[in-house]
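Enquirer: Sequence:
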Amino acid sequence: MTSVYNTDDDDEEDHAMALDHLPTMTPAAKGQHDHPLDLAVDSTADHDPEDDVMQDVIEADDPCEEEEEDDDDTDLQSIYTHTHAAAAAQNYPPVARTYRTETPYLTTESLAGNSDLAASTRSLWAQDLDYREIHDRLYCREWFMPIDEIEQLRLSLNHQVFLHVLHGEHTTVKLDNPQHILDVGTGTGEWAIKMAETFPDCEVVGTDIAAVAETSSVPMNVFFEIEDAEEWDRSPDLYDLIHLRTMMGAFRDWRYIYECAYYSLKPGGWIELQDFDATESEMRFAQQFSPDSAIHRLFEDLEIAADRSGRRRGPAYLDPHLFMDAGFVDVRVTEYQIPISVAEKSAGKIWLISCLDSLEAGCLRLLTEQMGWDPDECKIACESVAREMAELAKDPAKSEGLVVKAVVIVARKPEDAPESTGPPPQMRDRSRSASLSTGS
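Residue 1 is where the sequence shown starts when you use UniProt numbering, and the numbers rise one by one after that.
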């Protein structure tokens, strides 16, 4: 079953929400990273139970209703204070200690006057993490994407794109009084914070391999924990929703991740993936460039480098059959067609800015470590390609028909699923993970 809708409009008022909450890049960050573009920049069909997989295609050219919230950056801020752990402990049933690691995203100074709070929640601090500065970008462990301020801004741009295409909603899953939500790879934590505010009686946990940037206030029912999802240690049969967003290349074995999510979802619970599939647009972009353009070598070497690292690029992990293999039912795939554009306050422009920023972010560590590129050569090539892509996007004739797909996949754990027993699934042999991650 396929439905086609529009979600992008020329009316600036309809799209004010898409840019209202864009974070401001600091002067230091601006100086390091001049941008080729100026930064001023569900409708779903009824589910057919006879379909194993449902697929909607939505074109981003329709009026979208603004999110019902004030215009004072409420999407990035909260009325709740940081020191909420004690009160939260009284309101939210604790997860079994076996499956939980308390990891507060607070500074040592902020806890200096509260030794009881520090003692009850401390298990891992930022200084204990494996942070590495590589070629002037900050990384954590083996993750090939940086975790610095510039990258946090890019992740916030992605957040705005999904707000736009989902009509101001944060999830496509209809939740009825959820008790536990898990956000895997929480990044900036924006999604987790908003879900906690939307469902104040629900415990929302955001996990990542690196600490979330310090936030002045968060709801009392949201918790951020440092955790590698490839070492899954979550309770069985607990979560109403497990959410992952823009995680391409994050894992060696996506089958393992889906099996773990199934294990930890309660019967009737949902998994949701939100991501971009720009494969077709990348190919069409590349065809517009001259044979001697740096884009060709850059993209070719990037694919090889990702394969060598064991974390392949590409949309293979979005294959709905991987969800069914893990035991999920009611698998639904929705594609939102976003025209690549430089029009003011359009989802296409916000995505394009994020895409251009992602060139250096996604290439630098992979190409230098896996392909032997010189760091300066890599940065120059990324900047050159970014400027070429920006110029192409500004050309109406060459950019006509170029779109990026925002893909949302949801799947449900059956209501009659047997109780999950024993420990979580185990990661397969790492030597086989690269092939398994693509479903082959």
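Simulated from the structure, these hints should not be mistaken for laboratory data.
We put the beta carbon where it would ideally sit given N, CA and C, even for glycine.
One thing to keep in mind: the hints can contain errors.
Subject to a maximum C-alpha distance of 30 Å in a straight line, what follows is the list of computed DSBU-like cross-link-like pairs (lysine-lysine) [claimed, not checked]:
{"id": "1", "residue 1": "K379", "residue 2": "K174"}
{"id": "2", "residue 1": "K379", "residue 2": "K394"}
{"id": "3", "residue 1": "K379", "residue 2": "K398"}
Here are the simulated distance ranges between beta carbons [to be verified]:
{"id": "4", "residue 1": "D292", "residue 2": "H135", "range": "23 to 29 Å"}
{"id": "5", "residue 1": "Q288", "residue 2": "D201", "range": "49 to 55 Å"}
{"id": "6", "residue 1": "T421", "residue 2": "Q288", "range": "35 to 41 Å"}
{"id": "7", "residue 1": "K398", "residue 2": "P423", "range": "36 to 42 Å"}
{"id": "8", "residue 1": "G422", "residue 2": "D292", "range": "55 to 61 Å"}
Enquirer: If I claimed the Cβ atoms of G422 and D292 lie 55 to 61 Å apart, would that claim hold in this structure?
Expert: Since the Cβ atoms of G422 and D292 sit about 57 Å apart, the hinted range of 55 to 61 Å holds.
Enquirer: Does the alpha-carbon distance linking K379 and K174 stay inside the 30 Å limit?
Expert: violated, 43 Å
Enquirer: Taken at face value, is the distance from the CA of K394 to the CA of K379 at most 30 Å?
Expert: With Cα atoms ~23 Å apart, K379 and K394 stay inside 30 Å; holds.
Enquirer: Do the beta carbons of K398 and P423 sit within 36 to 42 Å of each other?
Expert: violated, 54 Å
Enquirer: Taken at face value, is the distance from the CA of K398 to the CA of K379 at most 30 Å?
Expert: holds, 26 Å
Enquirer: How does the Cβ-Cβ distance of D292 and H135 compare with 23 to 29 Å: does it lie in that range?
Expert: holds, 25 Å
Enquirer: Given the range 49 to 55 Å, decide if the beta-carbon distance of Q288 to D201 lies inside it.
Expert: Distance hint for Q288, D201 holds at roughly 51 Å.
Enquirer: Tell me if the beta carbons of T421 and Q288 are separated by a distance inside 35 to 41 Å.
Expert: Since T421 and Q288 have Cβ atoms about 55 Å apart, the given range 35 to 41 Å is violated.
Violation of the numbered hints given earlier is confined to hints 1, 6 and 7; the remaining hints are satisfied by the structure.
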